[in-house]
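2 protein chains.
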Amino acid sequence: MATISEIRRPVEAEWRQFERYQHDCLQSDNPLQQEVLNYIAQRSGKQLRPLLVLLAAKLCNPVTDKTFRTAVALEMLHNASLVHDDVVDSSDTRRGAPAVHIRWSNKVAVLAGDYMLAKVIGLVAEMRNIRILEIVSQLGRSLSSGELAQLHVGQSMWIDEEHYNRVIELKTARLFQACAEAGAESAGCTQRQRTALREYGRLLGLCFQIKDDIFDYSDLEEIGKPTMSDLRDGKVTLPLIIALQRAPESEAAAIRAMSEHLDEADPRTLQEIKSFVLRFHGDEYAVQRMLEYKKQATEALSVFRDSPIREALIQLLDYAINRVQ
Amino acid sequence: MATISEIRRPVEAEWRQFERYQHDCLQSDNPLQQEVLNYIAQRSGKQLRPLLVLLAAKLCNPVTDKTFRTAVALEMLHNASLVHDDVVDSSDTRRGAPAVHIRWSNKVAVLAGDYMLAKVIGLVAEMRNIRILEIVSQLGRSLSSGELAQLHVGQSMWIDEEHYNRVIELKTARLFQACAEAGAESAGCTQRQRTALREYGRLLGLCFQIKDDIFDYSDLEEIGKPTMSDLRDGKVTLPLIIALQRAPESEAAAIRAMSEHLDEADPRTLQEIKSFVLRFHGDEYAVQRMLEYKKQATEALSVFRDSPIREALIQLLDYAINRVQ
Numbered sequence: 026m027a028t029i030s031e032i033r034r035p036v037e038a039e040w041r042q043f044e045r046y047q048h049d050c051l052q053s054d055n056p057l058q059q060e061v062l063n064y065i066a067q068r069s070g071k072q073l074r075p076l077l078v079l080l081a082a083k084l085c086n087p088v089t090d091k092t093f094r095t096a097v098a099l100e101m102l103h104n105a106s107l108v109h110d111d112v113v114d115s116s117d118t119r120r121g122a123p124a125v126h127i128r129w130s131n132k133v134a135v136l137a138g139d140y141m142l143a144k145v146i147g148l149v150a151e152m153r154n155i156r157i158l159e160i161v162s163q164l165g166r167s168l169s170s171g172e173l174a175q176l177h178v179g180q181s182m183w184i185d186e187e188h189y190n191r192v193i194e195l196k197t198a199r200l201f202q203a204c205a206e207a208g209a210e211s212a213g214c215t216q217r218q219r220t221a222l223r224e225y226g227r228l229l230g231l232c233f234q235i236k237d238d239i240f241d242y243s244d245l246e247e248i249g250k251p252t253m254s255d256l257r258d259g260k261v262t263l264p265l266i267i268a269l270q271r272a273p274e275s276e277a278a279a280i281r282a283m284s285e286h287l288d289e290a291d292p293r294t295l296q297e298i299k300s301f302v303l304r305f306h307g308d309e310y311a312v313q314r315m316l317e318y319k320k321q322a323t324e325a326l327s328v329f330r331d332s333p334i335r336e337a338l339i340q341l342l343d344y345a346i347n348r349v350q
Numbered sequence: 026m027a028t029i030s031e032i033r034r035p036v037e038a039e040w041r042q043f044e045r046y047q048h049d050c051l052q053s054d055n056p057l058q059q060e061v062l063n064y065i066a067q068r069s070g071k072q073l074r075p076l077l078v079l080l081a082a083k084l085c086n087p088v089t090d091k092t093f094r095t096a097v098a099l100e101m102l103h104n105a106s107l108v109h110d111d112v113v114d115s116s117d118t119r120r121g122a123p124a125v126h127i128r129w130s131n132k133v134a135v136l137a138g139d140y141m142l143a144k145v146i147g148l149v150a151e152m153r154n155i156r157i158l159e160i161v162s163q164l165g166r167s168l169s170s171g172e173l174a175q176l177h178v179g180q181s182m183w184i185d186e187e188h189y190n191r192v193i194e195l196k197t198a199r200l201f202q203a204c205a206e207a208g209a210e211s212a213g214c215t216q217r218q219r220t221a222l223r224e225y226g227r228l229l230g231l232c233f234q235i236k237d238d239i240f241d242y243s244d245l246e247e248i249g250k251p252t253m254s255d256l257r258d259g260k261v262t263l264p265l266i267i268a269l270q271r272a273p274e275s276e277a278a279a280i281r282a283m284s285e286h287l288d289e290a291d292p293r294t295l296q297e298i299k300s301f302v303l304r305f306h307g308d309e310y311a312v313q314r315m316l317e318y319k320k321q322a323t324e325a326l327s328v329f330r331d332s333p334i335r336e337a338l339i340q341l342l343d344y345a346i347n348r349v350q
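Residue numbers (my numbering), protein chains in the order written: chain A, 26 to 350; chain B, 26 to 350.
A couple of the hints might just be wrong.
Identical chains share a label here; the pair holds if one copy fits it or two copies do between them.
[Claimed, not checked] Derived SDA-like pairs: lysine to any residue, alpha-carbon spacing no greater than 25 Å straight-line:
hint: 1; residue 1: K132; residue 2: S115
hint: 2; residue 1: K236; residue 2: A27
hint: 3; residue 1: K260; residue 2: I339
hint: 4; residue 1: K132; residue 2: R119
FYI, nobody ran anything at the bench for these hints, they're computed from the structure.
This structure is a prediction, so every number in the text was calculated from the model and none was measured.
Sequences are here, hints too, so could you generate the full structure?
Here it is in structure tokens:
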């Protein structure tokens, strides 16, 4: 599997320009806002979304100023939504450090997120490109709808695969889709290229989320994320949904009965649910889904001729599926 | 003083169109989101901001579809920011009913606010008017910065008039300013008209906020808002700032010493602070500020010839200053 640095190689010069531009955008007059922005910037993670913007743009044409702006805006939208999600989900840590609402307060987290969202609109507005603006505004609605859809059904052992798909479509796939689509648009792509990259981005996002959800049922040593953490938060994801569906009703009922107070569940209960998922191959089913999505995503890229950029996008799919954190 | 219905009269037909348009915009696929939108719509208050949009537009030219869209977008932005502010300030009621975060949860309030913000961008994006978009995006930054500036200094008896002015400028004046400016823009105004209405809106907003802050020091019987409620939340506003500045240092120090744990203060302490403000005429000073702003706002309107619409805008200033709730 290629590393992120290797995948980034064909857009290395552009990446440095993006980083400089991003740094300039993260300045604020408000000292508290500035502290929060710095805090987030110092824990910026792998920044896969701006990478996708740059790759999608350059696959079509040389990148433009609009490309950098789009990359910064979408990364900021992503971060704003994480800051709000951590308040909503009461998650204490993010990328190995205290979440913003823990480091400061819920108040600061809500307002800093709002400030970042407003900044995103400003960045996009200044581009004067209505199509990119529409992509971003549609994305904003999808992200909050996705979280709301998850809240609506709540932490229920009764959600089915269809509902799961709907949530991850809104919560994760749309963001990757927007990165690829707006990236392409920022470089002045054709309609055919735009449609292809949009679909690629969507499928990459689905793989990314499913992989994240499989981590709960992997072995502790391998991965960066604490195992069973989603389950402890009451999040029922694809591997468990499938196992519940495949198991005889009596067994499924016993597992469902454990689902109350999962946040206080002892390790034995969590381990029991994990064994249940593995016994009915819920994790394997999820892997199969990713592989199908990867195949479709690769096909979507077939409208482009072979190039190091196209290769990098295929490596990014592999990365999403095979990463260990 | 003219009532809101009277002020609305010269745009009565347009108001009905706005209400129909707003109703259509408040539809969502997500059942929970729909419930929240309905809940807010049923408690919509006086809707002064869309009224200002319509009046400002029609003062320049006949209103357009863009005017209705602007009115809906800015009212929704206002409501989204109230929903988030109530989470941030832990305010339990809004317009006499439980706040969204109390009726549902903080989670729902954060996400429903985000959804509404995204919807605002969508509404504005579809207008394809870059100037309105810039007004709205700048406004979004001002609103969150204003709340953050308030948080940053916090609940301090040491804030001065300058800081107070900066906060109300960002928190309230910019919204009224944006309504008047974007309203004018939506009807295709001249640059001169736009500048005049922008200034009028700003000053109207300042009057509106100062009046709100004076309520704390009025008599309970007269007004709709529970008296001393800001003070109990630790919010130090203009009347108290001025009294603290005018009083001999020993007296001011005694009042400042009471400022710890105001949320648990007994009625006698609150009453003492109120008497202090009245004794040093902090409330009268605030009234003087409003009257100066009203004068400036009326002057700003002098670029327009006399008309029922211009008259309504002047009545709106009187309403902001003299209302009892």
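Taking the hints in turn, this is what the structure says about them:
1. Taking CA atoms no more than 25 Å apart as the test, K132 paired with S115 passes in both settings, with 13 Å inside one copy and 9 Å between copies.
2. In this assembly of identical chains, K236 and A27 lie within 25 Å of each other by CA distance solely inside one copy; the values are 17 Å within and 63 Å between copies.
3. For the identical chains of this complex, K260 and I339 are neighbours neither inside a copy (30 Å) nor across copies (55 Å), given an alpha-carbon limit of 25 Å.
4. In this assembly of identical chains, K132 and R119 lie within 25 Å of each other by CA distance both inside one copy and across copies; the values are 17 Å within and 18 Å between.
Of the numbered hints listed earlier, the single one contradicted by the structure is hint 3.
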